[in-house]
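Taken in sequence, the protein lines are chains B and P. Just so we're aligned: 100 in the working numbering is position 100 of the first sequence, and the numbers increase by one with no gaps anywhere. Just so we're aligned: 101 in the working numbering is position 101 of the second sequence, and the numbers increase by one with no gaps anywhere.
Hints listed in this document are in silico derivations from the structure and should not be mistaken for laboratory results. Treat the hints with care, since some could be wrong.
Unchecked claim - A few chain B residues that face chain P, going by a derived Cβ cut-off under 7 Å, partial list only:
id, residue
1, A57
2, V60
3, A62
4, V71
5, G92
Don't be surprised by glycine CBs; every beta carbon is placed ideally from N, CA and C.
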Amino acid sequence: MSYTGEGPELHDTAPGEEEHEGVGGYVIGLGLATLLTAVSFFVAGTTLVWQPSIPVALVVLAIAQMGVHLVFFLHITTGPDNTNNVMALAFGVLIVLLVLGGSLWIMARMNANMAPMPPTMHMPR
Amino acid sequence: MSGAHAAADPYRIGHYGGSHQYTAEHAGGGLVSKRIITGYGFWIFLLSDIIMFSAFFAAYAVLVNATADGPSGRDLFDLGNVALETAFLLLSSFTCGIASIGAQRRRRGWFYIAMTVTFLFGLGFVLLEAREFASMNAAGYGPSRSAFLSAFFTLVGCHGLHVSAGLLWLLTMMAQVFAKGFRADILRRILCFSLFWHALDIIWVGLFTVVYLMGAGQ
Chain B
1 MSYTGEGPEL HDTAPGEEEH EGVGGYVIGL GLATLLTAVS FFVAGTTLVW
51 QPSIPVALVV LAIAQMGVHL VFFLHITTGP DNTNNVMALA FGVLIVLLVL
101 GGSLWIMARM NANMAPMPPT MHMPR
Chain P
1 MSGAHAAADP YRIGHYGGSH QYTAEHAGGG LVSKRIITGY GFWIFLLSDI
51 IMFSAFFAAY AVLVNATADG PSGRDLFDLG NVALETAFLL LSSFTCGIAS
101 IGAQRRRRGW FYIAMTVTFL FGLGFVLLEA REFASMNAAG YGPSRSAFLS
151 AFFTLVGCHG LHVSAGLLWL LTMMAQVFAK GFRADILRRI LCFSLFWHAL
201 DIIWVGLFTV VYLMGAGQ
C-alpha cells in the first residue's frame with residue numbers, strides 16, 4: 001500500500017490556521033476573553049473577598065484568558081495535527097516559568113539574607 | 001499498513017524506521033506545505049519573543065517595591081484608562097482574526113475594512129499609552145525616578161513598541177494586498193502578522209494583570 005499523502009493522520013496545521021475557518025470561533029473567543037477581563041477588573045477592586053486571595057485569583061484568570069486566546073485566536077489546539085505547535089509552546093512555557101520563578105525565588109532569598117541596613121546606607125545610585 | 005499504523009499512533013512517535021516510506025517523504029518536505037513551515041517558524045519566533053518578555057516581567061516583579069520613596073503603582077495607575085486600552089487591544093485582536101478570514105476567502109473589501117478597524121483600535125491603544133507615559137513624565141515620575149519606574153517603562157514600553165511595529169506591519173500588509181493581491185506568499189505574511197498581533201494581546205493580558213491590577217490593588 002503506497003501512501004498517497006491524503007490521510008488525515010499526516011495533516012499538519014500551521015499555528016493560526018483552522019480547518020474550517022469561520023467567524024464563530026472568534027466570536028466565542030471574544031466573548032470569553034471579555035468575560036474574563038471584566039471579572040479580573042472587578043476582582044481587583046472588590047472588597048467582597050478575602051484580600052490575600054485576590055492576586056491568586058488574578059493570576060488564575062490571566063492564565064485562563066491566555067488559554068482562551070491561544071485556542072480561539074491562535075488556534076493552538078491539542079489535536080494530532082497540532083503536535084509540533086503544542087510541543088514548542090510547552091518548551092516556551094517551561095522557559096518562562098524557569099525565568100520568572102527562578103528570578104523571584106533567588107531575589108527573595110537574597111533580600112531575606114541581607115543584613116539589615118540603616119536608611120543612610122542604601123546602595124549608591 | 002502504514003495507514004493503520006498511523007491511526008494507532010496519531011503522534012507518529014514510533015514511525016522512525018517503522019514506515020520509512022513516508023517518513024522519508026515527510027522529511028523531504030514533500031507533504032508539508034510552505035504555509036505550515038512558515039507559520040511554525042514564526043510561532044517559534046513568537047515564543048522566543050514571549051521568553052524575552054518574561055525576563056522583563058521578572059525584572060519588574062523583583063523591582064516593584066524599589067520605589068526609592070517615590071510613587072508606587074497605586075499612586076500612578078488609572079484603571080479606567082487601562083480598561084479602555086484592554087478593550088481596544090482585545091477588539092483589534094478580534095477584527096484581525098476577521099481580516100485573516102477575509103484574506104483566506106480572497107475577499108478584498110472584507111479584508112480592507114477589518115484591517116482598517118484593527119489599525120484604528122491599535123492606534124487608539126498606542127495613543128492612550130503614550131498619553132499615560134507623557135503625563136507620568138510631566139509629573140516628574142519618568143523612568144529615572146526609581147528602579148520600579150525604570151522596570152515599568154521598560155516592560156510596558158517594550159510592549160508598546162511591539163504594537164507600534166505591528167501597526168506599521170499592518171499598513172504594509174494592506175499595501176501589499178492592494179499591489180499584489182492575495183498571492184500565496186502574501187497570504188503567508190498575513191498569517192504571520194495575525195499571529196504576531198494575537199501574541200501581543202496575550203502579552204497584554206499578563207501585563208494588565210501583573211502590572212496594573214496587582215499594582216493598583218496592593
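Hints, one by one, checked against the model:
{"no.": "1", "hint": "A57", "result": "violated (10 Å)"}
{"no.": "2", "hint": "V60", "result": "violated (10 Å)"}
{"no.": "3", "hint": "A62", "result": "holds (4 Å)"}
{"no.": "4", "hint": "V71", "result": "violated (11 Å)"}
{"no.": "5", "hint": "G92", "result": "holds (4 Å)"}
In summary, the structure is inconsistent with hints 1, 2 and 4 from the numbered list given earlier, while agreeing with the others.
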